[in-house]
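With positions in the sequence shown counted from 1, the corresponding number in the numbering used here is that position plus 656.
Accuracy of the hints is not assured; some may be wrong.
What the hints assert, rightly or not - Here are the computed distance ranges between Cβ atoms for each label pair:
1) T774 <-> W706: 28 to 36 Å
2) T732 <-> N699: 15 to 23 Å
3) S777 <-> N701: 29 to 37 Å
4) S777 <-> N727: 25 to 33 Å
5) S777 <-> G728: 27 to 35 Å
No lab work stands behind these hints, which were simulated from the structure alone. Note that the Cβ used here is the ideal one computed from N, Cα and C, for glycine as well.
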Amino acid sequence: MHLFASLILPATILAAPLSLAAQREGEMAGLIPRSRITCKIVNDNGEGGWGVKCRDRPDFSSNIVYDGLDNGESYTFSCYKRGDCYNGNCTWDYAVYLGCWVHGYYTDNHCTVAALGTSCS
Numbered sequence: 657m658h659l660f661a662s663l664i665l666p667a668t669i670l671a672a673p674l675s676l677a678a679q680r681e682g683e684m685a686g687l688i689p690r691s692r693i694t695c696k697i698v699n700d701n702g703e704g705g706w707g708v709k710c711r712d713r714p715d716f717s718s719n720i721v722y723d724g725l726d727n728g729e730s731y732t733f734s735c736y737k738r739g740d741c742y743n744g745n746c747t748w749d750y751a752v753y754l755g756c757w758v759h760g761y762y763t764d765n766h767c768t769v770a771a772l773g774t775s776c777s
């Protein structure tokens, strides 16, 4: 009986899911990947034909990393940060594979604060 308990109990503990707090701590430390959500670019009215800009920081005065993200194109986002506001929206979504920030006004309704779940540090 002791052998059974000594093998099963540790396996049960190891299989237990992380609490939300522990998971967020792991994410912030870079130990657990953040959730990733695919969102489309929206609200690009095509002024100037340049498309939506992806910037190195969540503000309009920062450097443009990518230019020309067009309506309907999908990108992967992992978190958000508050920054410069536009049309009542003050969030910026982090595009994982591009390594830059897209203003939340230009991402579809899949990229909400609730869906992204965590603010980038």
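query: Are T774 and W706 spaced within 28 to 36 Å by their CB atoms?
result: 31 Å, holds
query: Is the distance from the Cβ of T732 to the Cβ of N699 consistent with 15 to 23 Å?
result: At 19 Å between Cβs, range holds.
query: Is it true that S777 and N727 lie within 25 to 33 Å of each other by Cβ?
result: 31 Å, holds
- request: Note whether the CB distance of S777 and G728 lies within 27 to 35 Å or breaks it.
  value: Check passed, 31 Å falls within 27 to 35 Å.
task: Go ahead and decide if the range 29 to 37 Å is satisfied by the Cβ distance of S777 to N701.
output: Once the Cβ atoms are compared, 33 Å apart, the range 29 to 37 Å for N701 and S777 holds.
The structure fails none of the hints (numbered hints given earlier).
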